[in-house]
Amino acid sequence: MIECDIKNEKERLDALYRMELEDTPAEEAFDRITRLAKSVLEAPIVLVSLIDSNRQWFKSNQGLDADETPRDVAFCDYTIRNPEPMVVENALLDERFADNPLVVGKPGIRFYAGVPLRTRDGQNIGTLCAIDLKPREISEKQLNVLEDLARLVVDEMELRLIATTDSLTGTLSRRAFREAAARDLARAKRKGFALSCAVLDIDHFKSVNDTVGHAGGDLVLQEVVAVCRRNLRKSDYIGRIGGEEFAIILQDTDENAALHVAERMRLGIQELAVEYSGKAVPVTASFGVVGLTPAISSLEELLQEADTAMYVAKADGRNRVVGSDEFEQAVNAA
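According to our numbering, the sequence shown is numbered sequentially starting from 1.
For the record, the hints were derived by calculation from the structure and aren't laboratory data. Since we're looking at a predicted model, the values are computed, not measured. Not one of these hints is a red herring.
In the PhoX-like style, the derived pairs of lysine-lysine whose C-alpha atoms are separated by at most 25 Å in a straight line are:
1) LYS106 to LYS38
2) LYS106 to LYS134
3) LYS206 to LYS279
Use the sequences and the hints to build the structure in full.
Have a look at this one:
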């Protein structure tokens, strides 16, 4: 195989991960496109392939008996390295692929036509590709249709991203957060993984809006989210669940570790130097943190306990992080 570098691979992977599509179930919106491509190109295999750091994974799969392949044997890994479609009429005669395991072994690829899935910020995150098990050609008309369908795939991805993202802060919308959190909670309970939830509320946010107006308040929200993101991993995520209230899921993280993360975020928010219209805006936030336990059976219960812990933090003077131990003590004292 011939090696060639991708410029800005980190930015490309960031664009892919923002879509939050990997390892999600098949969806009719994408399958409809691959079925159409299969019909127009009369190809036995059509795929929506997403390329991450070490594999290609198929969001939509017509005709191939696999969910993914290693990246280092993927034809699509070549396609994403250029802005134009890639066509291989006979893989046995192409020095890049003649000894490829997918050519000399199953499924026995001979023909390949792939179009990069290019996001609006110019990153090729995968392909829409058609595959045949015999050498063949592709007409200009067919290739044009494949390009149009690839654009529809990207449009569908980006429309979903817009629908699941809070337009002001870039966090997950309330609905999208709850869907993702419910899925990950079920996974954690099924496999016995750790998971924690943090709920934070910006202290005295009404006075922020009263002092610097809603535009200044919007800036504060954005700065708070930026602090949180700097302290989170790619596997963690944050959603806006209220006006100035956010929830965070920390995967594979027990409550003790989550408390440390929340404390770093609290300190970072406290140290913010937000200024709007010549006015300094002091910012603090209160956090409630709860780890998943066998007694918690649903997302509603997890969020409720974290939310209640956050209100304990507010009642105790704000600008604090409260975990389940303090929360239980406050409940028992009441």
